[in-house]
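To convert, note that position 728 of the sequence shown is 726 in the numbering used here; the numbers rise steadily by one, no gaps.
Keep in mind that the hints were calculated from the coordinates and are not lab data. Cβ atoms here follow ideal geometry from the backbone N, Cα and C, with glycine treated the same way. Careful, some of the hints might be misleading.
[Said to hold, decoys possible] With beta-carbon atoms standing in for the labels, derived distance ranges:
#	residue 1	residue 2	range
1	A427	A579	23 to 33 Å
2	T524	K92	33 to 43 Å
3	S95	K191	28 to 38 Å
4	H304	K535	38 to 48 Å
5	A427	G540	29 to 39 Å
6	D85	K281	28 to 38 Å
7	G540	V61	20 to 30 Å
[Stated by the list, open to error] In silico DMTMM-like links for lysine to aspartate or glutamate, alpha-carbon gap of 25 Å or less:
#	residue 1	residue 2
8	K475	E301
9	K82	D173
10	K22	D71
11	K345	D267
12	K189	D472
13	K189	E293
14	K42	D598
15	K475	E26
16	K311	D55
17	K460	D598
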Amino acid sequence: MAADIRMLSAVIASEIKARPDQAKAAIELLDEGATVPFIARYRKEVTGGLDDTQLRDLAERLVYLRELESRRDTIVDSITGQGKMSDELLAKLKGASTKAELEDLYLPYKPKRRTRAEIARERGLGPLAEAILADRMKEPATLAEAYITADVPDVKTALEGARDIVAEGFAESADLLGRLRAHMRSAALLKAKVVDGKQAAGEKFSDYFDHSERWATAPGHRALAMLRGWNEEVLTLTIEADAEVASPNKPVERMIATAYEIGNSRPGDRWLMEVASWTWRVKLSMSLSLDLMRELRERAEEEAIHVFARNLKDLLLAAPAGSRPTMGLDPGIRTGVKVAITDATGKVIATSTVYPFQPRNDVRGAQVELASLIRKHNVELISIGNGTGSRETEKLVADMLAELPGAKPTKVIVSEAGASVYSASAAAAAEFPNLDVSLRGAVSIARRLQDPLAELVKIEPKSIGVGQYQHDVDQTKLSRSLDAVVEDAVNAVGVDLNMASVPLLARVSGLGTSIAEAIVKHRDETGRFETRRDLLKVARLGQRTFEQCAGFLRIRDGKEPLDASSVHPEAYGVAKKIVAACGRDLRALMGDSSILKSVDPRQFIDDKFGLPTVRDIFAELEKPGRDPRPSFKTATFAEGINEISDLKPGMTLEGTVTNVAAFGAFVDIGVHQDGLVHVSQLAGRFVKDPHEVVKAGDVVKVRVVEVDAKRKRIALSMRKDDGAAVSAPRGEARANPAPRSQGDRRPAPSKPESQGAFGAALAEAMKRK
-1 MAADIRMLSA
9 VIASEIKARP
19 DQAKAAIELL
29 DEGATVPFIA
39 RYRKEVTGGL
49 DDTQLRDLAE
59 RLVYLRELES
69 RRDTIVDSIT
79 GQGKMSDELL
89 AKLKGASTKA
99 ELEDLYLPYK
109 PKRRTRAEIA
119 RERGLGPLAE
129 AILADRMKEP
139 ATLAEAYITA
149 DVPDVKTALE
159 GARDIVAEGF
169 AESADLLGRL
179 RAHMRSAALL
189 KAKVVDGKQA
199 AGEKFSDYFD
209 HSERWATAPG
219 HRALAMLRGW
229 NEEVLTLTIE
239 ADAEVASPNK
249 PVERMIATAY
259 EIGNSRPGDR
269 WLMEVASWTW
279 RVKLSMSLSL
289 DLMRELRERA
299 EEEAIHVFAR
309 NLKDLLLAAP
319 AGSRPTMGLD
329 PGIRTGVKVA
339 ITDATGKVIA
349 TSTVYPFQPR
359 NDVRGAQVEL
369 ASLIRKHNVE
379 LISIGNGTGS
389 RETEKLVADM
399 LAELPGAKPT
409 KVIVSEAGAS
419 VYSASAAAAA
429 EFPNLDVSLR
439 GAVSIARRLQ
449 DPLAELVKIE
459 PKSIGVGQYQ
469 HDVDQTKLSR
479 SLDAVVEDAV
489 NAVGVDLNMA
499 SVPLLARVSG
509 LGTSIAEAIV
519 KHRDETGRFE
529 TRRDLLKVAR
539 LGQRTFEQCA
549 GFLRIRDGKE
559 PLDASSVHPE
569 AYGVAKKIVA
579 ACGRDLRALM
589 GDSSILKSVD
599 PRQFIDDKFG
609 LPTVRDIFAE
619 LEKPGRDPRP
629 SFKTATFAEG
639 INEISDLKPG
649 MTLEGTVTNV
659 AAFGAFVDIG
669 VHQDGLVHVS
679 QLAGRFVKDP
689 HEVVKAGDVV
699 KVRVVEVDAK
709 RKRIALSMRK
719 DDGAAVSAPR
729 GEARANPAPR
739 SQGDRRPAPS
749 KPESQGAFGA
759 ALAEAMKRK
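All chains, please: the whole structure from these sequences, using the hints.
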């Protein structure tokens, strides 16, 4: 009974605002093994131009619908095997559009433990329940007298058995369950209370010690916070259907009465109304509350995963500093500051460790060592990790640069989230077998400034630290969503085939870790790739894989100029026709928009390539190999603001957005604790979604509103007095910001001695080098 592709296409098309034929084409391509980036970029004619967002939604929905169909088949087989299937029931099962509807229909037929209703039937009380339902004018107690037996000693026992049978019928009515669930979704309240005696231990949940709000509108972040408090046994959580109804005759009970035409004047009706109330209290209230609690969690998880995915995308597509010699500093107090120098290609050319802080306090020695490395390797950028000791290290570097003669490198604080995870990973050990684990982190910090995408793909996305309750959500769904984000980001930027690492290549459309390893091995053994076609010489890389990956791989200065662009090899013929029509050499034409604009793209349409592909080729010839990421700029922390205790309300500071949640944006202002700009403080207008105003990586100006040092909470505002938001232009971002690490803080080093003494020490160090 599995749904055919046409049915799935019709359902999904309506949800992603597309035509069924578009959805059908996309599903067929996915089933054939095509990736979303490939379909979005190179199969526009086939799908009618579905973009990557629509395709991701389609792919995610397709997983759910196929799981639904699999469950539907299982249920149909089970009921049929019991000999209880009817045409009416089969039609209802086929029409169920959600897993909840399917389970409601299956409930009466689902194998279960021996119930009280079954015991009552075994005692011969089934006819009594039917008699009460059939003749409401008769007194149930009078009817029950005829059913007294050895197993049913009195009227009370008989009526209790009849109640169990009738109640089971109420509780297993799919139509009634659907109406009750819909009522609860619209009217129920979510209530949280603190468990007695847990006030001190659960202080972080104090906002929910006595909290109530509508289930339907509870934001995901609050729901997850309450659920975490419940899991930690600090809070109790309840869902109340009609908490705001003062009448003892609740709407949910009246709904049961209406479904079974129960009045209030006949003796049988009065008894049935008591059964309806009992059924709600004992059976339905708990089960439906659990259903809604599960829905609440799923809804909150979906929101949290969406937030995490969006923030991750912003970080991966953060502005790269580019191919420039870089010094990476992994700050540390007692263990020293780890130093790594990478050349313009990211190759490690020097490492060191300096000890400017206690217990050694070798400030001068550290500065001389850093200065000599800068001069020797012509360092242009200094990348400082934002963990423990970062502000102290930044001050150390700033004082050193102030006295350094000549051109000075630019210093930037970057997120070191995940660097320690990468340092201890098998991938890092394979890349740096002879480098100490502690120094690998400094290398990662340097490289993530040069090219954040190329470095962050080596780290498990969940370790990058931009999630909202990321450990509380469905890990399978989270991983699937984050993997999709990484795949989209890598393929949007493109990958240099002759420089990319295995982790980066593994994220390219159609490739995986094993093929990526084969590519790097082939490159190491035979030298650089001169053309994309050379990929076909790699072991296990066939034509199908080549089709998926080739357009996303770049070859700079190769034999074929088009290999440096995103034009797919299958469309090189079209591109060369365009070049011929322009009357220019390909290399001369690439980047010349004036000539390209004089040619009509429509003249190059053929049976295989339509106008969307032709226009993409024109755009690529105009700006070959263009990088969609913003240009690199830096932000500056305020001098003297190093700790949360240095903050005062009213201060205006510059900071970087590290994380964007549904309720606002977190901003790193350099005090090792991110401040929160609540959604109401993001702009001088109503903001529904914080992403309308900011994204992770944006440099913003904020005003300190309130500081709670005890709870480590900083309230910030981006509103001006006149109500307008204060914000630096989007894209002016420090590299890869993320929530700052917490740790023991130490005083900043004292200001170094005179420039003359420093210059002499540096000259002596350079001689030793």
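Evaluated hints:
no. : hint                     : verdict
1   : A427 to A579: 23 to 33 Å : violated (53 Å)
2   : T524 to K92: 33 to 43 Å  : violated (58 Å)
3   : S95 to K191: 28 to 38 Å  : holds (36 Å)
4   : H304 to K535: 38 to 48 Å : holds (42 Å)
5   : A427 to G540: 29 to 39 Å : holds (31 Å)
6   : D85 to K281: 28 to 38 Å  : holds (29 Å)
7   : G540 to V61: 20 to 30 Å  : holds (27 Å)
8   : K475 to E301             : holds (12 Å)
9   : K82 to D173              : holds (18 Å)
10  : K22 to D71               : holds (22 Å)
11  : K345 to D267             : violated (84 Å)
12  : K189 to D472             : holds (23 Å)
13  : K189 to E293             : holds (16 Å)
14  : K42 to D598              : holds (20 Å)
15  : K475 to E26              : holds (23 Å)
16  : K311 to D55              : holds (16 Å)
17  : K460 to D598             : violated (47 Å)
Against the hints set out earlier in the document, violations occur for numbers 1, 2, 11, 17.
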